[in-house]
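Top to bottom, those sequences are chains D and A.
So for the first sequence, UniProt numbering puts the first residue at 1; every next one is plus one.
So for the second sequence, UniProt numbering puts the first residue at 1; every next one is plus one.
The hints are simulated quantities; they were obtained by calculation from the structure and are not laboratory data.
One or more of the hints may lead you astray.
Copies of the same chain look alike in the list, so a pair counts if it works inside one copy or between any two.
The calculated lysine to any residue pairs, modelled on SDA-like cross-linking and capped at a C-alpha distance of 25 angstroms, are [unchecked claim]:
| # | residue 1 | residue 2 |
| --- | --- | --- |
| 1 | 41 | 282 |
| 2 | 186 | 9 |
| 3 | 185 | 268 |
| 4 | 38 | 283 |
| 5 | 185 | 414 |
| 6 | 41 | 286 |
| 7 | 186 | 275 |
| 8 | 77 | 374 |
2 protein chains.
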Amino acid sequence: MAILQIGAGGVGWVIAHKAAQNNDVLGDITIASRTVSKCEKIIESIKGRNNLKDTTKKLESRAVNADDVDALVALIKEVQPDLVINAGPPWVNVAIMEACYQAKVSYLDTSVAVDLCSEGQQVPEAYDPQWAFREKFAEAGITGILGAGFDPGVVSVFAAYAVKHLFDEIDTIDVMDVNAGDHGKKFATNFDPETNMLEIQGDSFYWENQEWKQVPCHTRMLEFDFPNCGCQKVYSMAHDEVRSMKEFIPANRIEFWMGFGDTYLNYFNCMRDIGLLSPNPVTLQDGTVVEPLKVLKAILPDPTSLAPGYTGLTCIGTWVQGIKDGEPRSVFIYNNADHEVAYKDVEHQAISYTTGVPAITAALMYFRNEWSGKGVFNMEQLNPDPFLELMPTIGLDWHVQELPVAQPEIKILK
Amino acid sequence: MAILQIGAGGVGWVIAHKAAQNNDVLGDITIASRTVSKCEKIIESIKGRNNLKDTTKKLESRAVNADDVDALVALIKEVQPDLVINAGPPWVNVAIMEACYQAKVSYLDTSVAVDLCSEGQQVPEAYDPQWAFREKFAEAGITGILGAGFDPGVVSVFAAYAVKHLFDEIDTIDVMDVNAGDHGKKFATNFDPETNMLEIQGDSFYWENQEWKQVPCHTRMLEFDFPNCGCQKVYSMAHDEVRSMKEFIPANRIEFWMGFGDTYLNYFNCMRDIGLLSPNPVTLQDGTVVEPLKVLKAILPDPTSLAPGYTGLTCIGTWVQGIKDGEPRSVFIYNNADHEVAYKDVEHQAISYTTGVPAITAALMYFRNEWSGKGVFNMEQLNPDPFLELMPTIGLDWHVQELPVAQPEIKILK
Numbered sequence: 001m002a003i004l005q006i007g008a009g010g011v012g013w014v015i016a017h018k019a020a021q022n023n024d025v026l027g028d029i030t031i032a033s034r035t036v037s038k039c040e041k042i043i044e045s046i047k048g049r050n051n052l053k054d055t056t057k058k059l060e061s062r063a064v065n066a067d068d069v070d071a072l073v074a075l076i077k078e079v080q081p082d083l084v085i086n087a088g089p090p091w092v093n094v095a096i097m098e099a100c101y102q103a104k105v106s107y108l109d110t111s112v113a114v115d116l117c118s119e120g121q122q123v124p125e126a127y128d129p130q131w132a133f134r135e136k137f138a139e140a141g142i143t144g145i146l147g148a149g150f151d152p153g154v155v156s157v158f159a160a161y162a163v164k165h166l167f168d169e170i171d172t173i174d175v176m177d178v179n180a181g182d183h184g185k186k187f188a189t190n191f192d193p194e195t196n197m198l199e200i201q202g203d204s205f206y207w208e209n210q211e212w213k214q215v216p217c218h219t220r221m222l223e224f225d226f227p228n229c230g231c232q233k234v235y236s237m238a239h240d241e242v243r244s245m246k247e248f249i250p251a252n253r254i255e256f257w258m259g260f261g262d263t264y265l266n267y268f269n270c271m272r273d274i275g276l277l278s279p280n281p282v283t284l285q286d287g288t289v290v291e292p293l294k295v296l297k298a299i300l301p302d303p304t305s306l307a308p309g310y311t312g313l314t315c316i317g318t319w320v321q322g323i324k325d326g327e328p329r330s331v332f333i334y335n336n337a338d339h340e341v342a343y344k345d346v347e348h349q350a351i352s353y354t355t356g357v358p359a360i361t362a363a364l365m366y367f368r369n370e371w372s373g374k375g376v377f378n379m380e381q382l383n384p385d386p387f388l389e390l391m392p393t394i395g396l397d398w399h400v401q402e403l404p405v406a407q408p409e410i411k412i413l414k
Numbered sequence: 001m002a003i004l005q006i007g008a009g010g011v012g013w014v015i016a017h018k019a020a021q022n023n024d025v026l027g028d029i030t031i032a033s034r035t036v037s038k039c040e041k042i043i044e045s046i047k048g049r050n051n052l053k054d055t056t057k058k059l060e061s062r063a064v065n066a067d068d069v070d071a072l073v074a075l076i077k078e079v080q081p082d083l084v085i086n087a088g089p090p091w092v093n094v095a096i097m098e099a100c101y102q103a104k105v106s107y108l109d110t111s112v113a114v115d116l117c118s119e120g121q122q123v124p125e126a127y128d129p130q131w132a133f134r135e136k137f138a139e140a141g142i143t144g145i146l147g148a149g150f151d152p153g154v155v156s157v158f159a160a161y162a163v164k165h166l167f168d169e170i171d172t173i174d175v176m177d178v179n180a181g182d183h184g185k186k187f188a189t190n191f192d193p194e195t196n197m198l199e200i201q202g203d204s205f206y207w208e209n210q211e212w213k214q215v216p217c218h219t220r221m222l223e224f225d226f227p228n229c230g231c232q233k234v235y236s237m238a239h240d241e242v243r244s245m246k247e248f249i250p251a252n253r254i255e256f257w258m259g260f261g262d263t264y265l266n267y268f269n270c271m272r273d274i275g276l277l278s279p280n281p282v283t284l285q286d287g288t289v290v291e292p293l294k295v296l297k298a299i300l301p302d303p304t305s306l307a308p309g310y311t312g313l314t315c316i317g318t319w320v321q322g323i324k325d326g327e328p329r330s331v332f333i334y335n336n337a338d339h340e341v342a343y344k345d346v347e348h349q350a351i352s353y354t355t356g357v358p359a360i361t362a363a364l365m366y367f368r369n370e371w372s373g374k375g376v377f378n379m380e381q382l383n384p385d386p387f388l389e390l391m392p393t394i395g396l397d398w399h400v401q402e403l404p405v406a407q408p409e410i411k412i413l414k
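One chain only, chain D, in its complex shape:
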């Protein structure tokens, strides 16, 4: 058995550690990235933590340009993995899927292919380029598992679990995501500042009454009492899983909400007002041309540098309302992840941890032939039970909380 991991950023870091802890099942591990030194740093960390379970198995690095389909095919043929795990930025998804199709090897990723902020690439069209591989993958006899992080990912498994076990009829699905941790910096982003700031600026899309609704960012807000994180303000935002849930789980409203503290939003608004969040190039007095957003990336702390001192919890879950046995019901299915616990386990923070652990749980589902149908699948489409049974042993537990039945009090801002 063998896997090939492509990508060596924060999520890749956790995926590699978790793969190593489970290499008795996953087999030899190859980590590939444009910058091979990033792979080697991860391998060093894995060895330093004694996270390689079966030390007779290989753990190696390779250099690859993930935009280059031919180079990817060549690498896949050399490594001969049973599964390619894409831990790269989402804009390489299509190239890697094409390479997997050509090399006839199964595929798994953790977020959607496209830029949710740009016209024609937003939530309603988000999965189109990857769903276009459905027939090709089925015909090639390989499996594609899309969006196997936490959100997207586990939150859809929670929704599928709710459909299967907790409800007869679904009314609303709200994905709730808050990071109540503290990295000790005045302002920093938990993952790539460029991706993060583009994501946050985009219009929100939610599905309601059989149609897409589009609203400017931070204009729909509600307060939610997160288990162990307290009452937090969350804002409607564009996110991958709204699109896939709309496809596979009938509901009257499906929406994604992310927590932002007032301080964070103040920094965000200032930076946006002065034009610092723009991806459009500006010319300096000396003629140098730069994109302001790339300058922001250079001056903010490297997200990976935040992990050592990070404290506190995240809470991500799926809030489902509907009918069970003729009675209205409201349920929140969630995980709390602890930044310090994540760091002790894999030398990274909980934001990356909550993405990497589900990816390896899904990979193990594939290797156990639980999730190995031929074609391309989102997490809602797959049997939630074995996944939710396994995930706590990989590092993330989950809970079901019954809530009082009540529609969320959504405040419209601006």
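Take the given structure of chain D and dock chain A to it, following the hints.
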């Protein structure tokens, strides 16, 4: 008669317009700048406004590098002015003074030579490089007038007027500066963002009980009721005239205060926290090296673009407390300038207007032989009466307001 103006930014714009309106006294006008097109744009504006009083006099442009003493000397010898007016950035002051000394022509500027933010160049040492020319100028038989804007400049004339006419003994001098105008932008600076942001970040220096006190920016605040601008928060800041007043007017405390709205300070603090106000280079992912502060300059509105829609008033003045005829007295001597009125007169806003009008008033004092002693002089050293009599006819009036006697309620922040 003739003058040579060096510099064609916002202040240079107003100085040139005001010189043209008074060219029956000042004679031929030559405007020189590194970028000759900036001079030509000003000349076009002067002619468009019919601001050239005596149309038989010359109004010309020249290109010059104001860092290059030899080039400056050559230009002065060609133009043969009676006075060089330095409207360039303060870091060219010493080069232009040296050129004036070599060419034996009098000199006038509007702000201090050095960077008030950098170690060894702060308020206590601010005038050292320019005061070093005192003997050379006296020996060459030429006049140097330093800091002839509003602040520094007129506020020192106000202080000299208070000493001469309103007080027997001075206790405290507080220079008060607020811009209560509105340019309609969420955030913009009224002059070069780079200079502005460096100035605001620096520690404040004030003179108290015979010694310099140094405190971080925005940590000393008071609220002051500005005539026609209302009650405004002002913050202790490093500024040129604190140094020169300390030299020439004995007082127990001398301090400079600038108004900042809460919204402005919030932007400032956000930008500082994320590292955007740093002059130190950073390297982007693609290897490009940039100074964050220069990127800020490129993304903020060009200060000169603010002038057309600018409304509202500025208020700048000198608040003097002391003893007159054995009784305590508190007096505020001030000007209100109106952005719209300034724009109608010279197509620029009031911030530049309040610097340019005093410079030309001082130049006229020199040409009238009122302020033409041999050597180097700050504004406190010169007879305030003819200056204050003339200035209202050039564009800025002034008023004396008696205040209740009371020490300012200074709040210490952070």
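Hints, one by one, checked against the model:
1. 41 / 282: For residue 41 and residue 282, only the inter-copy Cα distance (24 angstroms) is at most 25 angstroms; the intra-copy one is 35 angstroms.
2. 186 / 9: Cα proximity of residue 186 and residue 9: one copy only (23 angstroms, versus 36 angstroms across).
3. 185 / 268: both (15 angstroms within a copy, 17 angstroms between copies)
4. 38 / 283: between (32 angstroms within a copy, 19 angstroms between copies)
5. 185 / 414: between (29 angstroms within a copy, 18 angstroms between copies)
6. 41 / 286: Intra 37 angstroms, inter 21 angstroms, cutoff 25 angstroms: inter-copy only.
7. 186 / 275: both (20 angstroms within a copy, 11 angstroms between copies)
8. 77 / 374: within (20 angstroms within a copy, 87 angstroms between copies)
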